Amino acid sequence: MVTTVSLHSMTAVSEHERPLVMPRVLRPHLQETESLEQYLQSGGYTLEAWSRSPDEIIALITASGLRGRSGSGFPTGTKWRTVALQPGRKVVLINAAESEPASRKDRTLLLTRPHLVLEGALLAAYAVGADTLMFYTHDPAIAQTADAAWHELKQSGAKLPTWRTIVGPARYVAGEASAAVNFINGHAAKPTSKPPRPHERGVNGRPTLVQNVETFAHAALIVRNGPAWFRSVGTDELPGTILLTLNGALRRTGVAEVPSGVALRDVLEMLGCGMPHGVQAVLPGGYFSGWLPAEALHHGVALTPSSLGAWGSDLGCAAITVVPETVCGLWQAARLLRFFANESARQCGPCTFGTAAMADLMERLARGEGRSDDVERLRRYAEHVLPKRGACSHLDGATIAVRTALQVFQDDLARHLRYGTCGRPLRSVLPGLED
Amino acid sequence: MTKRLRLRIDPIRCTAFGFCAELCPELFDLDEWGYAWLKAAEVDAEAAALVRQVAACCPRRAILIEEVPDPEDIDQPVMNTQIKEGSHA
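Chain order of the listed sequences is A and B. The opening position of the first sequence corresponds to residue 1 in my numbering, with each subsequent residue numbered one higher. The opening position of the second sequence corresponds to residue 1 in my numbering, with each subsequent residue numbered one higher.
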């Protein structure tokens with residue numbers, strides 16, 4: 001068995017991305033890339049899993065209640081069935097373009113357990129009738145690990161579909177499903193207007209199943225262990241475990257796997273080892289799911305879409321960032337909006353101009369140069385003018401960031417309007433958006 | 001019998017010519033950057049001729065019109081309307 005692991009990927013796993021807890025898709029104490037041999041020993045590619053028919057596989061995934069783990073939470077079984085029903089040969093696209101700066105879960109999973117992701121994708125290809133497997137990422141190190149795992153599999157003599165890895169640009173919107181398909185088809189990595197969606201007309205015009213890395217890993221385990229096993233942890237709304245990325249003002253940061261529905265406060269205190277500088281606010285679901293007030297922690301907010309949704313936020317891709325009490329909250333909100341403005345694909349007018357206008361207003365307020373009607377303008381943009389006016393969800397992410405920020409940083413806002421400052425430094429703690 | 005029509009503006013195609021709001025201010029408005037937005041997402045069959053005329057006048061062909069299917073016409077749920085816009089997977 002030939003194991004090809006780049007030195008780069010090994011250091012990335014051991015030094016920066018060491019998983020915290022890992023009951024299911026992650027493996028405890030796995031410091032380097034799992035080889036095919038190790039994967040087979042851990043129960044990979046069982047005869048039982050691979051003796052099922054495509055219909056049976058889709059039925060298992062549907063019964064498990066698995067939802068896509070990229071942030072949208074669409075039921076995976078429904079998606080697979082829809083692609084399977086399309087005519088002709090299909091394509092399965094593994095979307096490893098984890099372009100959300102606060103999220104490192106897919107990267108950690110791929111660098112440690114590429115074979116689990118590949119088995120899930122191969123099962124999907126078999127279930128939907130795809131003869132081509134594509135791997136899309138923005139990170140050459142991840143592409144290298146995936147390629148190495150694929151060649152390992154190929155050398156074992158397995159009969160495999162066509163394989164191709166594609167390294168796209170490291171831009172936020174480039175990870176959106178239709179942007180990925182566009183890039184592979186030779187166009188700019190920008191989202192398109194829908195329809196047609198990738199499942200109707202995707203890579204080379206063929207129906208394409210685009211699925212996130214973590215989703216494939218769960219799918220492989222569901223086919224192996226059954227839907228009842230999968231549902232034995234987590235909530236009815238979101239069964240199974242979820243991968244988290246912990247960032248910000250915590251004693252320990254990194255990637256962890258927890259059952260869905262656990263209290264956010266427990267996660268921060270036990271896995272994050274506490275918040276030494278207090279909590280002002282939290283971004284619980286990455287950069288596109290809105291702000292959560294610290295108060296929600298004391299009310300037992302849990303890691304499910306509905307519990308976070310009750311506070312106006314969402315689980316998103318479960319990249320959790322804690323903002324401490326020691327920095328200006330409005331400045332975090334302003335930096336986040338500047339990120340949305342900088343990362344706009346500049347295709348849709350409302351997104352191009354709207355994200356920039358909202359970032360300008362929030363920055364002005366944070367710097368103490370704002371007027372009271374600036375707040376009203378921000379509110380009008382985020383509530384009435386801009387929602388649902390982009391071809392992809394980028395603009396909606398920005399409006400959610402504004403709507404929740406106006407709530408969560410309400411007191412801060414009043415202080416900034418009155419005194420020009422809240423007395424705390426304008427220093428960003430958001431990963432990838434440092435000043 | 002003609003069906004109700006659903007209107008959409010393709011945000012990538014719209015480049016703020018603004019003809020729609022000029023021709024049909026009842027249905028179209030412009031934001032402060034000049035891009036069109038809809039006052040109503042659906043119109044009755046009686047407005048069909050007007051709406052098609054406005055759509056034909058758009059230099060960017062950014063106004064999309066589709067018939068609203070009757071509920072009994074749908075055999076099985078189609079995924080199009082269910083997948084969230086712009087998910088990263």
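Hint data in this document are derived by calculation from the structure and do not stem from the laboratory. It should be emphasised that the depicted structure is a prediction, and the values quoted were computed from it without experimental measurement. Positions of the beta carbon are idealized from the N, C-alpha and C atoms, including for glycine. Accuracy of the hints is not assured; some may be wrong.
[As the list claims (entries may be wrong)] In silico lysine-lysine, DSS-like type, Cα no more than 30 Å apart, as pairs: (1) B:K39 / A:K388; (2) B:K39 / B:K3; (3) B:K3 / A:K154; (4) A:K388 / A:K154; (5) A:K388 / A:K159; (6) A:K159 / B:K3; (7) B:K39 / A:K154; (8) B:K39 / A:K190.
[Unchecked claim] For each label pair, taking beta carbons as the anchor points, the in silico distance ranges come out as: (9) A:S372 / B:E66: 40 to 46 Å; (10) A:E376 / B:A41: 52 to 58 Å; (11) A:G157 / B:A41: 31 to 37 Å.
Ascending list of hint numbers which this structure does not respect
3, 4, 5, 6, 7, 10, 11
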